[in-house]
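A.B. asks: These protein sequences, in sequence, are chains A and B.
All residue numbers for the first sequence refer to this note's numbering, where the first residue is 1 and numbers rise by one.
All residue numbers for the second sequence refer to this note's numbering, where the first residue is 1 and numbers rise by one.
Treat each hint with caution, since some may be false.
As the list claims (entries may be wrong) - Here are the computed distance ranges between Cβ atoms for each label pair:
1. A/11 x B/10: 23 to 33 angstroms
2. B/30 x A/53: 28 to 38 angstroms
3. B/70 x A/15: 46 to 56 angstroms
4. B/22 x A/109: 30 to 40 angstroms
5. A/112 x B/51: 26 to 36 angstroms
6. A/16 x B/70: 27 to 37 angstroms
It is worth saying that the hints were derived from the structure and are not from the lab.
Glycine included, C-beta positions come from ideal geometry on N, C-alpha and C.
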Amino acid sequence: QKEVEQNSGPLSVPEGAIASLNCTYSDRGSQSFFWYRQYSGKSPELIMFIYSNGDKEDGRFTAQLNKASQYVSLLIRDSQPSDSATYLCAVNSGGSQGNLIFGKGTKLSVKP
Amino acid sequence: KAGVTQTPRYLIKTRGQQVTLSCSPISGHRSVSWYQQTPGQGLQFLFEYFSETQRNKGNFPGRFSGRQFSNSRSEMNVSTLELGDSALYLCASSLANSGANVLTFGAGSRLTVL
């Protein structure tokens with residue numbers, strides 16, 4: 001059973017701080033990794049994807065991938081109250097491209 | 001550019017009934033995937049369609065089925081509804097080209113089974 005694990009939270013950080021969200025996956029053959037954000041009552045929206053080991057930065061967001069440790073993380077710098085949402089980690093483990101395995105998400109709360 | 005459109009947005013059914021949900025992908029997107037989201041299980045993959053063919057299927061009973069039309073629009077059907085089928089059903093479309101295959105989700109269809 002291929003699994004993606006996330007700490008459900010809630011993770012609470014003060015405004016302006018760095019939020020660190022973590023995710024581990026079970027299938028060593030996993031090829032691509034995605035972070036989605038889901039506001040309450042809304043559908044998931046993509047933040048970033050990463051394929052290769054190392055860091056990938058996009059604005060205030062940095063995704064980090066370590067395939068040897070089967071670990072992917074998302075850092076949010078200068079966290080804003082508008083970042084308060086559930087963050088979903090998703091992994092494509094070699095199935096068809098539309099078949100992602102999602103973690104259950106980490107709820108982030110950014111306090112003003 | 002219009003996003004992924006799902007209809008209906010909300011519906012209430014009773015046990016034993018069947019339901020059909022519709023998804024119109026982003027123009028040019030050829031792949032449509034369906035997911036079920038519940039508080040307990042999170043997002044779970046139902047199936048993916050590409051060029052009118054089911055490309056992959058998740059671990060759901062045969063009561064869950066789908067299809068894709070030549071214009072890439074997709075429908076999913078759930079027959080003999082059970083209480084546990086109450087969920088948010090999300091459709092996602094993608095270009096399905098090589099390399100990055102980003103899924104864009106629709107707003108979802110929230111099904112309540114009484």
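A.B. asks: None of the hints should be skipped; say for each whether it holds.
C.D. replies: To see whether the hints hold, each was checked on the structure:
1. A/11 x B/10: 23 to 33 angstroms: This hint holds: roughly 31 angstroms between Cβ atoms.
2. B/30 x A/53: 28 to 38 angstroms: With Cβ atoms ~30 angstroms apart, the hint holds.
3. B/70 x A/15: 46 to 56 angstroms: 50 angstroms, holds
4. B/22 x A/109: 30 to 40 angstroms: Hint holds: Cβ distance 35 angstroms, inside 30 to 40 angstroms.
5. A/112 x B/51: 26 to 36 angstroms: Violated, at about 49 angstroms.
6. A/16 x B/70: 27 to 37 angstroms: With Cβ atoms ~51 angstroms apart, the hint is violated.
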